[in-house]
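Asker: Protein chains in written order, with our numbering: chain A, 20 to 388; chain B, 20 to 388.
Worth flagging that the hints you see were computed from the coordinates, not collected in a lab.
A portion of the hints provided could be inaccurate.
No copy is singled out in the list; a pair is fine if it fits within one copy or between any two copies.
Claimed, not checked - With a straight-line cut-off of 20 Å between C-alpha atoms, the simulated EDC-like cross-links for lysine to aspartate or glutamate are:
| no. | residue 1 | residue 2 |
| --- | --- | --- |
| 1 | Lys65 | Glu258 |
| 2 | Lys242 | Asp166 |
| 3 | Lys188 | Glu204 |
| 4 | Lys383 | Asp201 |
| 5 | Lys87 | Glu134 |
| 6 | Lys25 | Glu227 |
| 7 | Lys84 | Glu51 |
| 8 | Lys347 | Glu333 |
| 9 | Lys180 | Glu234 |
| 10 | Lys370 | Glu105 |
| 11 | Lys87 | Asp128 |
| 12 | Lys356 | Glu227 |
| 13 | Lys25 | Glu228 |
| 14 | Lys180 | Glu227 |
| 15 | Lys347 | Asp311 |
| 16 | Lys336 | Asp211 |
| 17 | Lys242 | Glu229 |
| 18 | Lys350 | Asp309 |
Protein chains: 2
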Amino acid sequence: MPLSDKEIIARLEKLGKLVATQLLKGNPPYIEIPVRSLKNTIWDDKRKILRLGPAKARREYLDVKSAKRFMQTLLMLSLIIMARREGDYPTIRDLYYMGKHTITYVDVDGRRKKEETWDDQRESNSVIEDIEVATGILREEMGIMHDAKGKIVGNIVVRSKGYLIDCSKMGSGAYAIPPNPDRLEIVKVEADYVLVVEKDAIFERLNEEEFWKRENCLLVTGKGQPDRSTRRMVRRLWEEFGLPVYVLTDADPYGWYIYSVFRSGSISLSYESEKLACPEARFIGVTTTDIDRYKIPRNYIIAATDRDLKRATELMKYPWFQSDSWQKELKLFLKRKEKIEIEALSGHGFKFLSHTYIPEKIEKKLWIV
Amino acid sequence: MPLSDKEIIARLEKLGKLVATQLLKGNPPYIEIPVRSLKNTIWDDKRKILRLGPAKARREYLDVKSAKRFMQTLLMLSLIIMARREGDYPTIRDLYYMGKHTITYVDVDGRRKKEETWDDQRESNSVIEDIEVATGILREEMGIMHDAKGKIVGNIVVRSKGYLIDCSKMGSGAYAIPPNPDRLEIVKVEADYVLVVEKDAIFERLNEEEFWKRENCLLVTGKGQPDRSTRRMVRRLWEEFGLPVYVLTDADPYGWYIYSVFRSGSISLSYESEKLACPEARFIGVTTTDIDRYKIPRNYIIAATDRDLKRATELMKYPWFQSDSWQKELKLFLKRKEKIEIEALSGHGFKFLSHTYIPEKIEKKLWIV
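Chain A with its partners taken away, still in its complex shape (with noise of 0.2 Å):
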């Protein structure tokens, strides 16, 4: 069930009444918030995700640089508070405008001074993701907008304000999935697996030629890194219908970190893995094996870049690639130094990757995690 509007207020204002208990007693007012930096992040094995760690920071007035940080901390709960009591869904851009203005202040040598509440956009979305953590409520449910770039398409049905959308009658076109997965009913879910696929233009193709229909799965995209909003959606589908999920990327570094990113959590947003990622999450390829297995060309293979080899030699080094399958392709890869796009699969025919690489890959288990 997700929340509603009047437990998200609830929540929110819990944080602006402890100060406030705090400042009404007398005492010096502060906050304690879980720490977001790498150093906090930590690799939870038994659960297979990334997660924050116990380390939490107090807000408090100790000096200016704490002292703003506070004041842009309560800045924004009390925008983010104003804007679900009247039901406005101001987009991170708007809450960094509606906030900013200038503080003039004397200083204690009697110099007039002005601060700015706040520089740009990293400072204000960084108080959002604080606000975040503190309250154990997503910037989503908050209805706080953003970019919405996910797709999907299939046997399912949800319901959105009321309307039933069916994702199998959408056509050529897609249901975009919006801000808030959260908000969605899913009402009814028939298909075996879930295919997310990294390319826009291949999702189209595949949803063009009814690939979910004659394989009964649900076909989604978050073209390229994906955004939170499909994290959560495909997320959802995975733990409150048990549907395995599928990944379908490049065989190259960046692809296969975005595999990771649907199945373990990223770095930057490892406070939110609990509700985006999907541990059981299957890699089906394209994998470097692929090149010698389904015999790509010589003149279809890309060389790796400088840059490749540096990123696949960090990705062998993060706990959640120490399978021996997964070390055993980024070896294969920095042996090999080459790497290919899932459209180098059509060298054997525009079908060759919706009627036989897919369907063989999950058949035979020849998946990777």
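Based on the hints, put chain B in the right spot on chain A.
Answerer: Okay, now just chain B, sitting in the frame of chain A:
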């Protein structure tokens, strides 16, 4: 009426037959293709669109370079015809791989030589565009897939693959515009105008608060620089249903150029303007004039970069920016060297954009063209 697959195949085959006939007669074969260069791009002041001029290039067996281009054209033509005959929907990248192979031959001096059919996708894409201008068929109509960025919501019902899709019943999501909007049958439109929003996040916000319902409009985004499908969809709404089209972007040369692409066409795709441009589209902002008109606070204003100024100087020279209102705006921008974003309007409250700014600009005819 969209062209049927049969008609598409017939038109493509016609081009191939032309060559076959020349060869069977024992004549040296050639194809004539309209030139897509900047030099052959002209501004049609009467129709208010960018379009191709009369220049044509002859592809023939003159030298190796010319013969290669001739071969590429026929190779691509055969791949596209094959895909249509088989009911396949390759992406432009698939076509690149499918046609990519190494030709070995012996030159006049008896030396064994190798030549790639094409080295990168620029070459194969360029040949696809040649076939588009030579046959007058959009690549979308040829069933060629690509990323589709557009979204639409509002009182419009379309039919695709037999399904009726009501874009007023998408809830918090949207209908993702398919790669080939010509295949959509537009069954019903009940709206006063089309609002095209540059930014997806703003689209999401306006959709969430059901702006389109309150204002009785269709809401569209092409997510920044629009793709061909979004432009084709907007064009159809204007052409077939006579809907006024309003474009909302940031106040900077990048946003203004996006407006002009919707209205007049783009330089690189001038040969498609007749199908993609909306020569009556109106710009409802944001403008430099709005900085004073809406009392935008000083600290919301962003200093223009040298690149912005250079771009604005270029825009001033384009024939489609010669109206007094645009010249005035561009001069003001170059003088003030200041830009603002749509979201800067949120300084007047989260509701200002949707309840005041947009309705007021339309009602008081404050748009510029």
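Asker: Take the hints in turn and mark each one as holding or not.
Answerer: Cross-check of the supplied hints:
no.: 1; hint: Lys65 with Glu258; in the structure: within (17 Å within a copy, 59 Å between copies)
no.: 2; hint: Lys242 with Asp166; in the structure: both (12 Å within a copy, 9 Å between copies)
no.: 3; hint: Lys188 with Glu204; in the structure: both (18 Å within a copy, 14 Å between copies)
no.: 4; hint: Lys383 with Asp201; in the structure: neither (34 Å within a copy, 40 Å between copies)
no.: 5; hint: Lys87 with Glu134; in the structure: within (9 Å within a copy, 64 Å between copies)
no.: 6; hint: Lys25 with Glu227; in the structure: between (42 Å within a copy, 18 Å between copies)
no.: 7; hint: Lys84 with Glu51; in the structure: within (16 Å within a copy, 69 Å between copies)
no.: 8; hint: Lys347 with Glu333; in the structure: within (14 Å within a copy, 53 Å between copies)
no.: 9; hint: Lys180 with Glu234; in the structure: between (30 Å within a copy, 18 Å between copies)
no.: 10; hint: Lys370 with Glu105; in the structure: between (52 Å within a copy, 9 Å between copies)
no.: 11; hint: Lys87 with Asp128; in the structure: within (19 Å within a copy, 78 Å between copies)
no.: 12; hint: Lys356 with Glu227; in the structure: neither (34 Å within a copy, 47 Å between copies)
no.: 13; hint: Lys25 with Glu228; in the structure: between (44 Å within a copy, 18 Å between copies)
no.: 14; hint: Lys180 with Glu227; in the structure: between (28 Å within a copy, 10 Å between copies)
no.: 15; hint: Lys347 with Asp311; in the structure: within (15 Å within a copy, 62 Å between copies)
no.: 16; hint: Lys336 with Asp211; in the structure: neither (33 Å within a copy, 57 Å between copies)
no.: 17; hint: Lys242 with Glu229; in the structure: within (19 Å within a copy, 26 Å between copies)
no.: 18; hint: Lys350 with Asp309; in the structure: within (14 Å within a copy, 57 Å between copies)
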